[in-house]
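Trainee: Okay, here's what each chain looks like letter by letter:
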Amino acid sequence: MLVVGIATFITLYQKRILQEQERKRLLELEFQQKMIQTQLDTQEKDSIRIAADLHDSLGSLLWGAKLNAAFMGRSFEMEGEVKESYDALVDILDQSIHAVKRIAWELTPEAFHHSGLSQSLATLCARFNGKGLRVEFNEAGESFLWNDNRALSVYRIIQELVSNTIKHSEASRLEVDLFWTPGILFVKVSDNGKGFILTEKRGGVGWWNINHRSKQLKALIEIGDIPMGQGSEISLRIPLQHAK
Amino acid sequence: MQNKLKIFIADDHTVVRKGMSRLLKTFKRVVEVQEASNGKELIQLIGKEQPDAVILDVEMPVMGGLDAARYLLEHFPDVKILVLTMHTEDVFISRLMDLGVHGFLSKASGPEEVENALYAIVDKDFYKNNLVDNALHNLKKQPLDPTLEKLSHREVEVLVLICQEHTPGEISARLNISEKTFFNHRSSIIAKTAVRNNIGLYKFALQHGFLA
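Those protein sequences? They're chains A and B, same order as listed.
0 is the number of the first residue of the first sequence in numbering that gives the first Met the number 0; add one for each residue after it.
0 is the number of the first residue of the second sequence in numbering that gives the first Met the number 0; add one for each residue after it.
One or more of the hints may lead you astray.
Label-pair restraints from in silico Cβ distances [claimed, not checked]:
1) B:T25 with A:F178: 52 to 60 Å
2) B:P60 with A:I49: 13 to 21 Å
3) B:T25 with A:V81: 15 to 23 Å
4) A:M34 with B:T25: 52 to 60 Å
Reference listing, derived: stretches of chain B covered by chain A, where coverage requires no fewer than 3 residues with Cβ under 8 Å from a Cβ of chain A [said to hold, decoys possible]:
5) 19-25
6) 98-111
For the record, the hints were derived by calculation from the structure and aren't laboratory data.
A virtual CB, placed ideally from N, CA and C, is assigned to each residue, including glycine.
Chain A on its own, in the form it takes in the complex (with noise of 0.2 Å):
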């Protein structure tokens, strides 16, 4: 009888013990994923913030240097030497101009919310498309302009994913597919470089967005098996519920 009360007692116990350390491991998984949102909303809002900083202001200053530039250039004679530093200058200021337009748009793209996932990947693409790269965007299915918080995720990724390509894959070729279909959103991203090397390219802050937005997307992200040498491909399985 005593034998049974104790053994029943440590087995009430023991289950109390694994559901109370469960109950923890859920309340620090909870966490952990509330710490990654807040982490990824602060990096969205940021590049809002520092996006319209560099328009508003930098962006406006060059100008208002162009402008007087432009004045001078139309009030006195140049020539010579001073003429090629002058036209150098006004030039430095296009640049400069231009320079803030790209850093802008790349931290944020303009109209996100109004040109959609689609808009906004095809002038990704075409912004990146030339210089010994050629990138291409195609869509298939029956696609709509999806301009929600999750879309802008799914473009981060795609952005991260196309930036990896031209920073480390020496690739000539580049493609961006989208292929939509009622409930999933099918994504290739894929590339004639040199590939990677699973292990050892996957610890980088890049990563680190692209699996935790994926996570958050509920999203299968898949690395294809391409020998090495051959290119790499990357698809993504995302589920468009809600989304519509």
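Following the hints, position chain B against chain A.
Mentor: Coordinates of chain B only, in the frame set by chain A:
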């Protein structure tokens, strides 16, 4: 042709405002420039005297360019508006175009472009550049709204010439009509197409296949 232009500018950055003001004074047809640091100041200035055109920045504190443009179009429809912006994405330009703004320039344009744009909005009521074309290039062709009154043959001619960026003087000469008759046709076209100004006519003409 109006050759003594009075131009007002609104921009919250003093360096931009002063720079623009100096540049404008080098333009042959500009005789007077006044400055405002936001939309509200601009409207106060315009309450006292009307310029031929204003150059508007979009992002300004107190009252931004969009609100200022809306107010001006409503209360001073004769004042032409040139918007200068860093935000050149199609959707933004489209929205401004629908509002009835007469021209757009990116804050990267050279002095010649600023000068051309200014003269175009004053002479032709609109300035057609790549920003306008890009914003309209995805425009879907639409069938004519059957509730709209049909344009006469002459009105279609006038519409096409306006869209080809001819001035009222050129159009009147070409069609052998007086400028007054030209403006009568234009008012009638604007009423029939339910747009605000020539940039609206250009969009209408593209949308309905009047232009090749």
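Trainee: Now tell me, hint by hint, if it's right for this structure.
Mentor: Here is how each hint holds up against the structure:
no.	hint	result
1	B:T25 with A:F178: 52 to 60 Å	holds, 56 Å
2	B:P60 with A:I49: 13 to 21 Å	holds, 19 Å
3	B:T25 with A:V81: 15 to 23 Å	holds, 19 Å
4	A:M34 with B:T25: 52 to 60 Å	holds, 57 Å
5	19-25	holds (count 4)
6	98-111	holds (count 4)
Of the numbered hints listed earlier, not one is contradicted by the structure.
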